[in-house]
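2 protein chains.
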Amino acid sequence: MKFLLLPHVPRQDKPDHDQLRELVEYAVLAEEWGFDAYGIGERHDRPAVSSAPPVLLSHIAARTSTIRLFTAVTTLGLLDPLRAFEDYSTLDSLSGGRLDLVIGKGAYPRSSQLFGVTPENQWERLQENYELFRRLWTEKNVTWEGRLGRSLQNAEALPRPSRKHLRIWHGSGSSKSSADFAARHGDPVFSSNGSGPIGRYADLIQYYRERFTAYGHDPRRARVGSGTGGYFGARTSQEAIAKYRPVFEARLAVNRTFDGGSISYETVEDWIENSSVLVGSPQQIIDKVIGQHERLGHELLHVHVDGEVLDRADYLATLELFFSEIAPVLRRELPSRPLDGGH
Amino acid sequence: MKFLLLPHVPRQDKPDHDQLRELVEYAVLAEEWGFDAYGIGERHDRPAVSSAPPVLLSHIAARTSTIRLFTAVTTLGLLDPLRAFEDYSTLDSLSGGRLDLVIGKGAYPRSSQLFGVTPENQWERLQENYELFRRLWTEKNVTWEGRLGRSLQNAEALPRPSRKHLRIWHGSGSSKSSADFAARHGDPVFSSNGSGPIGRYADLIQYYRERFTAYGHDPRRARVGSGTGGYFGARTSQEAIAKYRPVFEARLAVNRTFDGGSISYETVEDWIENSSVLVGSPQQIIDKVIGQHERLGHELLHVHVDGEVLDRADYLATLELFFSEIAPVLRRELPSRPLDGGH
Chain A
1 MKFLLLPHVP RQDKPDHDQL RELVEYAVLA EEWGFDAYGI GERHDRPAVS SAPPVLLSHI
61 AARTSTIRLF TAVTTLGLLD PLRAFEDYST LDSLSGGRLD LVIGKGAYPR SSQLFGVTPE
121 NQWERLQENY ELFRRLWTEK NVTWEGRLGR SLQNAEALPR PSRKHLRIWH GSGSSKSSAD
181 FAARHGDPVF SSNGSGPIGR YADLIQYYRE RFTAYGHDPR RARVGSGTGG YFGARTSQEA
241 IAKYRPVFEA RLAVNRTFDG GSISYETVED WIENSSVLVG SPQQIIDKVI GQHERLGHEL
301 LHVHVDGEVL DRADYLATLE LFFSEIAPVL RRELPSRPLD GGH
Chain B
1 MKFLLLPHVP RQDKPDHDQL RELVEYAVLA EEWGFDAYGI GERHDRPAVS SAPPVLLSHI
61 AARTSTIRLF TAVTTLGLLD PLRAFEDYST LDSLSGGRLD LVIGKGAYPR SSQLFGVTPE
121 NQWERLQENY ELFRRLWTEK NVTWEGRLGR SLQNAEALPR PSRKHLRIWH GSGSSKSSAD
181 FAARHGDPVF SSNGSGPIGR YADLIQYYRE RFTAYGHDPR RARVGSGTGG YFGARTSQEA
241 IAKYRPVFEA RLAVNRTFDG GSISYETVED WIENSSVLVG SPQQIIDKVI GQHERLGHEL
301 LHVHVDGEVL DRADYLATLE LFFSEIAPVL RRELPSRPLD GGH
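Taken in order, these protein sequences are the chains called A and B. Sequential numbering from 1 applies to the first sequence in this note's numbering. Sequential numbering from 1 applies to the second sequence in this note's numbering.
Careful: at least some of the hints might be erroneous.
Pairs count within a copy or across copies, as identical chains cannot be separated in the list.
To be verified - Only pairs whose alpha carbons sit at most 30 angstroms apart, straight line, appear in this in silico DSS-like list of lysine-lysine: (1) 140 with 14; (2) 164 with 14; (3) 140 with 164; (4) 288 with 140; (5) 288 with 176; (6) 243 with 14; (7) 164 with 176; (8) 243 with 288.
It should be emphasised that the hints constitute simulated quantities derived from the structure, not laboratory data.
Just chain A, same shape as in the assembly (with noise of 0.2 angstroms):
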């Protein structure tokens, strides 16, 4: 198994800047940690402040030398695919290859809505920019007219790429079609496994494996990543439960503020038991993993810890509990291959 931070600045009560800077020390905490790899999301609303990942993941860059750097999500859907390119190529780059792409449309409406992207257009718009982008990075000359307006005559994109084949895994939380989507080109997939029954999501990826295989991939090269609806572990599943309560209840709050939010879970103990939440004892969490993983397959394992009323000092001790006592048992125990080396 490997282990991707997804960071959350905790109490966020500070300002943009002083965020931004909490973000790049985190990813140098975390390859010192040992992560094998550091993920910024790209969200243009409140309450993040990364709205422009290459220049956040660049900065990184600089600041690490092994991690590996992903993009969780890419929202690939709002952006031109050529500065999109431009962006990504000149960062991979620069970090010496250690970029991967997690692309998905984007789960926050507000986000979408401020590039004029709508529900109805959103997938069309992720499909064919992927496409776009797929060729800007492996071919030097391209000419492209896009159903939805973008047009290239003999383009060459730049910087050229370092790297010929650049991993592009697909964020799949419910729906086939992008689980097909990303079999189709032979891509990785990422599973939210969030709040819904775990059974939802081994189906998905069930039928990405078949899908995989049906458009003639070898079954694998088919690769699972996969998220959890959190991680706070601590000694005790009493100590765990106690500092991860309050956590539950902020997000049960925000959660309520969203359309169609989705954690139908009333109480904490109902949400730990009975959803994919990593919260207890190192134990506890080391078994819902193992289990977890029986059902997904999942060589990548996305780790967020909710940070909206934790304080600093909880949140760096359970990522450091996470690396001391249940990172190497999960690596002895559910082998990986590594993250590097395009396909």
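Based on the hints, put chain B in the right spot on chain A.
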């Protein structure tokens, strides 16, 4: 006088990713040598590889600590102003407020074509995008209906900047309208002071200063930066001309491939004698800059060595000479105000 290094990768017969890394390396060197600022131009066609200045400058920001980071220029008319804001606000925060923008229409038709910008609409786009960019920087809640199709409803662009005011210079090669536009907004201008007769640039700067006052701004707040036709200094004028001759020949050859190529000089001696280029011994260059300063009153000098046919050793040596022999005298003779601190 302050000094801005606009780098140029010598001998571009290397992969794009090596050129990018060289641009980072020169920024680190520029800070060591004592340059006040380092500028990356936005270009989307060869021979340049810097299509994503915010990504490149963000990496440089992590490798440096005091040098100011310029874009020279940002072709703001080709960008979505909201994305440009997101990129540059992120960069400014990560760099601790070290960003200055220089904006311009850009002189490269191929770059513009890639983004659907034409000679007919480029000026309108640049103006409108500037106005929206400024509002996004200073106002937390922006509603906008642009003439070019961009619309926003109560948008809070993120991350919120750490500085209230970002200095935006207006690249001003030959047009009165850009000088007037800069003056209207109380912004500084950057004169290309290119291959034309200096009187033309001096007239434009004079016009800018008049308009600056006419718009009700304190004339002491007007600021001018200036380029030149290039720099190549050596211990003696004979050595400088000998080493610079192939640089001139190469530049002339490239120039002939452009529509409206602007170099009308046939010999290197004529070019050195009658254009703004800085080629010669340290004393010759000092005298020439002082002469230009009498005409333009600029506080910031953009230093640029055409590198196409230079060895790396010659490229670095002439920049070192600039800093050891030329800059100290010019700093003493031509005082200027600090670059940082907004307006």
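Here's how the hints hold up against the structure:
1. When the C-alpha separation of residue 140 and residue 14 is checked against a cutoff of 30 angstroms, the pair qualifies only between copies, where the shortest distance is 16 angstroms, while the shortest distance within a copy is 45 angstroms.
2. When the C-alpha separation of residue 164 and residue 14 is checked against a cutoff of 30 angstroms, the pair qualifies only between copies, where the shortest distance is 17 angstroms, while the shortest distance within a copy is 41 angstroms.
3. In the homo-oligomer, the alpha carbons of residue 140 and residue 164 lie at most 30 angstroms apart inside one protomer (11 angstroms), although the nearest pairing across protomers, at 42 angstroms, exceeds that limit.
4. For the homomeric pair residue 288 and residue 140, neither the shortest alpha-carbon distance inside one copy (46 angstroms) nor that between copies (44 angstroms) is at most 30 angstroms.
5. Only within a single protomer do residue 288 and residue 176 lie at most 30 angstroms apart by alpha-carbon distance; the minimum there is 26 angstroms, versus 69 angstroms between protomers.
6. For the homomeric pair residue 243 and residue 14, the shortest alpha-carbon distance inside one copy (22 angstroms) is at most 30 angstroms, but the shortest distance between copies (55 angstroms) is not.
7. For the homomeric pair residue 164 and residue 176, the shortest alpha-carbon distance inside one copy (28 angstroms) is at most 30 angstroms, but the shortest distance between copies (46 angstroms) is not.
8. For the identical chains of this complex, residue 243 and residue 288 are intra-copy neighbours only, at 19 angstroms inside a copy versus 69 angstroms across copies, given an alpha-carbon limit of 30 angstroms.
Of the numbered hints stated above, the single one contradicted by the structure is hint 4.
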